[in-house]
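Quick note, the sequences are listed as chains A and B, same order.
For the first sequence, this note's numbering gives the first residue as 1, with consecutive numbering after it.
For the second sequence, this note's numbering gives the first residue as 1001, with consecutive numbering after it.
Straight line, CA to CA, 25 Å or less: simulated DSS-like cross-link-like pairs of lysine-lysine:
no., chain 1, residue 1, chain 2, residue 2
1, B, K1112, B, K1423
2, B, K1267, A, K106
3, A, K2, B, K1267
Derived from the structure by calculation, the hints contain no laboratory data.
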Amino acid sequence: MKHLLDTHDLSIDDIVNILDVADRMAEVNRRQVPKVPALKGKTIATVFFEDSTRTRLSFETAARRLSADVLTFLASSSSVNKGESLRDTIETLSAMGVQAFVVRHKSSGVPLQLSQWTDASVINAGDGWHQHPTQGLLDAYTITREFGTPTSLAGRTVAIVGDIKHSRVARSNIDLFTRLGARVVLVAPPSLLPSHVETWPVDVRSTMDDVIDNVDVVYLLRMQLERMQSASIPNLAEYTRLYALTPERAAVLQDHALLMHPGPMNRGVEITVDPADVAGSRILQQVTNGVSIRMAVLFTLLGGDSVSSLTAGGEA
Amino acid sequence: MSQSLLLQNVTVVNPDAVFVSDVLIQNGRVSAIGNGLTGDIVVNGSGLYASSGFVDLHTHLREPGKEEAETIESGSRAAALGGYTAVVAMPNTDPAQDNVATVAFVREQGIKAGLCEVLPSGCITVGRLGESLAPFDQLAKVGVTLCTDDGNGVQSESLMQQALVAAKKLNITMAQHCEVSEMTIGAAMHDGECCSHLGVPGWPAEAEVQMVLRDIELVRRTGGRLHLLHLSTAESVALVRDAKKEGLPITAEVTPHHLSLQDTLLKSFNPIFKVNPPLRTPRDIEALKEGLADGTIDAVATDHAPHAGHTKEQPLDVAPPGMLGLETALAVVNTAVTLDVQKLAALMSWNPARIARLESHQGRPLAVGEPANIAVWDTTSVWTVQKDALASKSKNTPYHGMAVRGRVHHTIFNGELVVHEGKALK
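With the sequences and hints as input, model every part of the structure.
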């Protein structure tokens, strides 16, 4: 595997392997000195054409724990704002000697486009409405580990709630969850469902109350407040009434059900209950797992010398 | 007397007959047709078809304004290599062809290049802004026969109605780019299953269909002549079929790419496949082919749209739409659709010549005394498109590396051999 651009490029074996490696990374992360020399001498550039401090910090933390050197490229402070082309940007950074690019862009497809102009690995850290593969992997990791079924989600039902149409997280998660055997139910107002949703491997329900008491996972998406302006939803109060996780709805969740959210949360919009009050909330665990998954992805793509480099431990 | 040019043993494709003969050309006209003729310059036409030169209703030459993408000279050369002896230059130049001076400039640059006839179109609205009508009477006086805001549809129904009223009075044609713009904001590919999975803002078929529907009604009201540019959807074809049955003065074109390429190519996120209207589905492609076969669609038009290389190295939703077409049109159409040679000549030459009102000297049968605008081609040569081998200044062909069938060998413009054995002579 050279790049991680789209979950669809991963075979089931690839997925299971990354989740396995993430277990080892989680073990590293629990050490007193959570750092291994696995990617010593490698340079990883985070290239964020769109701001996402959390995702960037998660990748950079992952890279540093593997002892890679990290370059940070933020479009807001770069020549991209002076009209530099994608190709020129990536070729310039490649010339500095970079083994992997972690790319975030507001336009779908940019990581794939960039991969044709560099010999380095390209990792998609979120592109437009298209894909966010490491989010999908960390979510699959979180759920499989919680339920103790490391290679499968068979028999589980995951409800993904919110703005599916504009969500790269939903596209990655739906692909990974369904291929691992889960049933996925989308819960969204019609205007926030993608066109041709009937061709997706999912069921669709129109209110949270249709599903809340019989799912294994409630996965809330962040409601993009700017969608309000484009009139995709009638109004926020209506959205909250039909689609938010309220204390009342949280109360009817099954005992084992998990609450997940990719962050950052809009409290009072898609979630009105305090997640701290929901026993099944794994929202912070997702963040922790995110570092392990990103370590696993970097390690897998950059061919960390060997698994033994993970057990060496300590500062190299 | 100029040197004579002899096409020897060529298969002449005329509307009334297809026959093997020699064709002698002298002083810009066909001077003799028959066997055993002699000439000063002899071109062997064995196994090749000779028809009237192709006429492209839809060419973006980019000059004035975007000369880094194409010039009238480089575009004319691409046209000649594609077998075209006339192209209608789209008016989305900078400045736009909404005034006599710009129209005259484009025409003169075409004459200077001398590779094919360049017929400037005019705009429908000033600056193509959709706010006020262009000065049609002045444009018509300097030879404009077709007006369009191509790249933009005329959104205002009342303006389009007035334009069609003027079209009738001045005996010109309004050519509509059918796109309801508020339905395609940010759109980068056909709104279908593929687009839905890729998470790309979708370009719904309805955005085209709605304007086709509206404009048919406007023709019904006004009697003005309407040409529909680059039809791309099955529903549009059905609407035009019915409108023609009704006898309305409507013509329509299809591009080679809408006959040959489908939306799933955008899985590559390569902006080389981004075009307006977008590549559609196999169902649409089949309907367009049926439209060609039954005469609903009158012409193949290239929508040749050169773009400088770096502009296609932007994100898919940012990169400009458009692809090259002139040098590959015959081959792509011949590869995608099974058509007899007379039908092919009708779609590439005879019909578009009439729509552009060039029928006095373009799209003519090969007969003694006729102006010698001739394409010599075959339908069997297989070749691989190489973008760097194209004469166009830009290289944005979606067919790079693809094998196609059918080739233009020679082009004769105004009696002059401008392309010989696939090479431009000037």
